[in-house]
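Using the sequences and the accompanying hints, generate a full structural model.
Chains as they are written, first to last, in this note's numbering: chain U, 1 to 144; chain H, 1001 to 1378.
No wet-lab data here; the hints were simulated from the structure. If you're wondering where the values come from, they're calculated on a predicted model, not measured in any experiment. Ideal placement from N, C-alpha and C gives every residue a C-beta, glycine not left out. Watch out, some of these pointers could steer you wrong.
Unchecked claim - To be clear about the criterion: a stretch of chain H counts as covered by chain U if any three or more of its residues have a C-beta under 8 Å from a C-beta of chain U, and this derived list gives those stretches:
hint : segment
1    : 1274–1287
2    : 1311–1317
3    : 1336–1342
4    : 1345–1354
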Amino acid sequence: MCEKNGARVSASGEILFRQVNPGWFAQDGEPSSQAFYPWREDDECCLSVDRASKTQADAAYTLFTAPRPAGFGGTSAGVWGISVQEVDDANVTAWDDPVDACDDAPANLAHGVVDFSDHQSEKKKRNVGRILKVKALSRGRVYP
Amino acid sequence: MDEKPKHFLKLTFEGGRFVDHTLPVDVVGELATLQALIHNVARALFFRANPARHRVSVGFIDAAKLHLAATEANCYSIGLSRAEELGTVTEQHEDSVIIEQAREVTLEALRCAAQGEPIPEGFPPSAYEQLSSFGKRLRPEEWLAVSNDTATKVARVDQKSRTALSKAVKQPLSVNADLDGEVDHFDDAGNRFWLRLDSGQQVEIPLNRELRRVVLETLVIRPIARMRIGGQMHVTGGGARLVAVDDLEIYDSPHADEVIKLWERLDSFDQIREGWLDGIGAPPTAEARTRAREVLARLLVSHSALPRPRIFPTPDGGVQAEWVIGAWAADLKFYPGGEVEGEAVNADTGEEDDRAFGQHEVTAEDASALATWLVGLR
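Now the structure itself:
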């Protein structure tokens, strides 16, 4: 079950930024569908994104890759974008989910999640991931 | 008015490579084959006519020698003359008649073969093998007309007549083959290997020590490396077999660069360690990588019209190839144990198309089932 601490984002053209992590999940500028669905147990059906209404793609990338505690110390092959409308069309939902600062990481007020809780089967999740990948690819890598 | 010179034999090569009015050097050997055939037939007729003799008469060999005396570019005609016709000898050889008989008997045998009639009894069985090898340098779309000096006897030699002839004289059909394909497998103990042609036909080829290393190397890196072999092939009801290798060349497949790039990507997965994905994730297994290497290389080479896939590791130790074909996103998963399964979804309609591939359904030799699945998504 995807737990979030914000409201549902209503369907619109707003872009949600997705970091493709790790670098193995991209080749020749194309991400894997594995980067667009939550498959780890501790993801709890939540796919992390950043909302374009609250941040820029470059800022989201910098925050994600900067070493702790200034950033989250992640690796990213780049930022791809999917719209909230595309998320809705794929039968998943987008939610606001701001993150407060903690001892070793900064706050991320632009953080959001795509909730896959309605898709209990792994196969359904994989298919949503594939759909979101196609939409992201049509837009091209947003940053860098 | 000058009279057109008469030749002992006139040969006209038609079709295929001869339409440009030239004679490929590869085909010139037919002239030597014909000369040897006429000589051997004449020799047999000589001993038949002179049972008490143990040796031919002096000058017999020279009298049967043929000279290329004239050419015409219509596809390509050749006049072959003996020294007597050329006027380079002053006296006619005592056995000239026998040599002319040999020509007539040979032309009749070739004519009968082309008509599907039995070989005349007058033709010596000792020359059957040579007779059946005449024309082996011709390709299926080519033929040769052979006539005597007065053009009263004309024989057509082509693949059909040669096939009928080889059956009639109980000899394997011998053809000069130019083969192009991939090394399929080899039999070290039996000193032979098999070349798989693009048509799927496999041809057995003799393997000697010199060739062994090259064949093994080519087998290991197929489908990057292809082999082109020229040589003499015997065709029987049981299949085709090369009996002598004249020339051999290894060359890169037109898609070698794409396959190398794919293999480099898979080789780079060597760097993936346990826990590669935020502390979890197994590195791709050898089985998954090998299956991906073989099947995807075959797909790139044999189904080159399909888009190139992107290749990714999966956290469970597998390998995943991904395509976007129109609105379809298709993933092919090579599981850690080597199983192969495809899942696809249409991003516009949500339609799904899944396909499990059996172990022998997609292989290093055949990825057509995978190609069919991908093409069906269009």
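Comparing the hints with the structure gives:
no.	hint	result
1	1274–1287	holds (count 4)
2	1311–1317	holds (count 5)
3	1336–1342	violated (count 0)
4	1345–1354	holds (count 4)
Checked against the numbered hints above, the structure violates only hint 3.
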